[in-house]
Amino acid sequence: MSEQNGHWLVSASTIRLLWIAFSIVLAVLVALDAFLVPHPYFGLDGTFGFSAWYGFISCVVLVVLAKVLGMLFKRPDDYYGD
Amino acid sequence: MGIDFAMPPALALIFAGLLLPFLRAEARAALLLLAPALALWLVWLVPDGVALSLPFLGHELAVVNGSKLSRLFGTAFAIMALAGGLFSLNQKNLLELAAAYVYAGSALGVVFAGDLITLFVFWELMAIASTLVLWSNGSKARAAGLRYAIMHLLGGVILMAGIAGEAAMTGSIAFHAMDLSTIPPQFILAGFLINAAATPLSAWLPDAYPQASWSGMVFLSAFTTKTAIYVMMVGFAGAEILVWLGLAMMFYGIIYAILENDMRRILAYSIVNQVGFMVTGIGIGTEMALNGAAAHAFTHIIYKALLLMSAGSVLYMTAKSKCTDLGGLFRTMPVTTICGIVGALSISSFPFTSGFVSKSMILEGAADEHLAVVWYLLMAASAGVFLHAGIKFPWFVFFQKDSGLRPADPPWNMQAGMIIAALLCIGIGVLPAPLYAILPYATSYVPYTLNHVMSQLQLLLFSGLAFFLMLGWLKRTLTITLDTDWLWRKPGSIASLWLIDCFDSGWTWLVKALGSSVQSTVANLRRSHGPLGLFGRTWPTGTMAFWTTVMLAAFLILGMLFHADI
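In the order they appear, the protein sequences are chains A and B. Residue 1 is where the first sequence starts when you use the working numbering, and the numbers rise one by one after that. Residue 83 is where the second sequence starts when you use the working numbering, and the numbers rise one by one after that.
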């Protein structure tokens, strides 16, 4: 991904920096949970860092589901002869 | 009664649409902008209750019937037409512009219709006008447009059957909350659901919309599904089946969008996903959930138009729409990129964007009703929205790899349309009070609590983490994913070709069989009665005289034989 034509945004060092910044933001977000008084509606949603792990796992499950569905139902994009 | 009078807001846009093709360029541009503004003004002149009625076949049609909900949708439609009109100023295809304005006007007609017949008339007008928006994009949209038209005409027939049944059973054509215990309202709901792109009949939307032009899809995204949301809010709030249908639509939209390669088809699937949130809100049916569904329809119309304007700008400048062909456009299209990102954040309900203040109310509605399963699924779907639209669309179009394309930002009017929509997305997100004030029910909902903002940020950013960690699995390929439209595009078309074949050979056989018997009859008749036949040929007078003489002689002889005494 960090290929040619030297725009600063796609240089390898910028991308590494972005990853570091992103990781810090994620860590801080979860850490801040310790200072919030949870107002759970149900049960699971009161657990530590609920939205973080729930969001992550939901996305992984969705991508895996899509992958499986794709194996069954993906076709070349000229399938209908368009 | 009779004192309240209001001009139908629909007429402003429908007349403008019919007039547009006959105007010169400058006048046309002025009308494109003035007509939606006039429509917006008319929307706010409509009072509560019936403001215009007409007698028709023994019924009294409530052609204009105002409510908070209809003004809310009317406002969104008029703003949408204004932004879309500005974006389309440089659209040379006059048929598309005319059809788009008639389409937008008909949508206004539906949300102000106080009876089922008026509703039906504008409903069908929408189907026709939107088909023309598709067809105006030339031969490549012809087949998809035909499939779209067939689906909507079928929906119209089902709706009409329901309306006729309702009128026959109750004697009333009033449009109000209906009970699903009898059959006619079930038909009416089915007709509405087809337009809402509810699963399993959602395939028409991603099949047809991406075949429209760069500006056509901006209009198409706004009206059909959202009028369906409006009519279901009026007619079927609290119908439990809608909760589950909505959830199915949400996950269908996410999974198909993840697999999709064409940027506008990604956004088409995400329309189904977003409408799913609204349908679920309607199914929950409490004031909070209905406010949420209405608010979400309002914000969705604007941010979806923004996303499609951004995608339309890319298509207009590069003539490409596949993720595999795109990438790296942020370098030369900064305005389009930033506006696209604002739209993507809004659809993902990022704090301080419009989606955050509207979708939260639907989740709050589910939580208030202690619908645990529904709430957890809504949360999962919210994470999935960021995945399939929030990051995927801007990432694959504007970043990803360097495609080598260096298009500039589009003409000023297209940029202006995007910027206005982007400002609205952020404005509503930062200052939700004006939107909350025009919702159907009074609300004291506060979206910005520390817990809520933190929770949403966690949800979205960790979805982002999942996206980038699983990027290898999300790489785009030159593929489509089979949907339910496969049923009528493959086996369906084979079956219909076979039927045509059967009919054809049956007809040929019938014609041949009938033909040979007719021919033999004709030949027989010709033999006896033809010009040379015994009974047909001309006889000379002499022959007749001879035969007369023979017969008289025979008579004389017979008489003499049997009555010799005469």
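Hint data in this document are derived by calculation from the structure and do not stem from the laboratory. In this text, all values refer to a predicted model and were calculated from it rather than measured experimentally. Here a beta-carbon is modelled for each residue, glycine too, at the ideal position from N, C-alpha and C. Take the hints with a grain of salt, since some may be wrong.
[Said to hold, decoys possible] As a list, the in silico DSS-like pairs of lysine-lysine whose alpha-carbon atoms are at most 30 Å apart:
| # | chain 1 | residue 1 | chain 2 | residue 2 |
| --- | --- | --- | --- | --- |
| 1 | A | K67 | B | K594 |
| 2 | B | K572 | B | K404 |
| 3 | A | K67 | B | K402 |
| 4 | B | K404 | B | K174 |
| 5 | B | K557 | B | K222 |
| 6 | B | K402 | B | K572 |
| 7 | B | K483 | B | K222 |
| 8 | A | K74 | B | K557 |
| 9 | B | K402 | B | K483 |
| 10 | B | K404 | A | K74 |
| 11 | B | K402 | B | K150 |
| 12 | B | K402 | B | K174 |
| 13 | A | K74 | B | K222 |
| 14 | B | K222 | B | K402 |
| 15 | B | K404 | B | K557 |
| 16 | B | K402 | B | K557 |
| 17 | B | K222 | B | K174 |
| 18 | B | K572 | B | K557 |
| 19 | B | K174 | A | K74 |
| 20 | B | K404 | B | K483 |
| 21 | B | K572 | B | K222 |
| 22 | A | K74 | B | K483 |
| 23 | B | K174 | A | K67 |
| 24 | B | K404 | A | K67 |
| 25 | B | K150 | A | K67 |
| 26 | B | K557 | B | K483 |
| 27 | A | K74 | B | K150 |
[What the hints assert, rightly or not] A few chain B positions that, by computed beta-carbon distances, are all more than 12 Å from chain A:
| # | residue |
| --- | --- |
| 28 | L120 |
| 29 | N175 |
| 30 | F269 |
| 31 | A548 |
Hint check results:
1. A/K67 <-> B/K594: violated (56 Å)
2. B/K572 <-> B/K404: The given pair, whose Cα atoms are some 24 Å apart, holds under the 30 Å limit.
3. A/K67 <-> B/K402: holds (25 Å)
4. B/K404 <-> B/K174: Given that 30 Å is the threshold and the Cα spacing comes to 24 Å, the pair holds.
5. B/K557 <-> B/K222: holds (27 Å)
6. B/K402 <-> B/K572: holds (27 Å)
7. B/K483 <-> B/K222: holds (29 Å)
8. A/K74 <-> B/K557: holds (14 Å)
9. B/K402 <-> B/K483: holds (15 Å)
10. B/K404 <-> A/K74: At roughly 16 Å apart (the allowed maximum being 30 Å), A/K74 and B/K404 satisfy the hint.
11. B/K402 <-> B/K150: violated (42 Å)
12. B/K402 <-> B/K174: Satisfied, since the Cα-Cα distance of roughly 19 Å is no more than 30 Å.
13. A/K74 <-> B/K222: holds (22 Å)
14. B/K222 <-> B/K402: holds (15 Å)
15. B/K404 <-> B/K557: holds (12 Å)
16. B/K402 <-> B/K557: Cα-Cα ~18 Å, so holds.
17. B/K222 <-> B/K174: The given pair, whose Cα atoms are some 18 Å apart, holds under the 30 Å limit.
18. B/K572 <-> B/K557: holds (28 Å)
19. B/K174 <-> A/K74: violated (36 Å)
20. B/K404 <-> B/K483: holds (13 Å)
21. B/K572 <-> B/K222: holds (18 Å)
22. A/K74 <-> B/K483: holds (23 Å)
23. B/K174 <-> A/K67: The given pair, whose Cα atoms are some 41 Å apart, is violated under the 30 Å limit.
24. B/K404 <-> A/K67: Judged against 30 Å, a Cα distance of about 19 Å means the pair holds.
25. B/K150 <-> A/K67: Violated, at about 44 Å.
26. B/K557 <-> B/K483: Given pair B/K557, B/K483 holds - Cα atoms ~11 Å apart, limit 30 Å.
27. A/K74 <-> B/K150: With a Cα-Cα distance of about 45 Å, the restraint between A/K74 and B/K150 is violated, given a limit of 30 Å.
28. L120: holds (40 Å)
29. N175: Correct as stated: the minimum Cβ-Cβ distance to chain A is 21 Å, above 12 Å.
30. F269: holds (31 Å)
31. A548: violated (4 Å)
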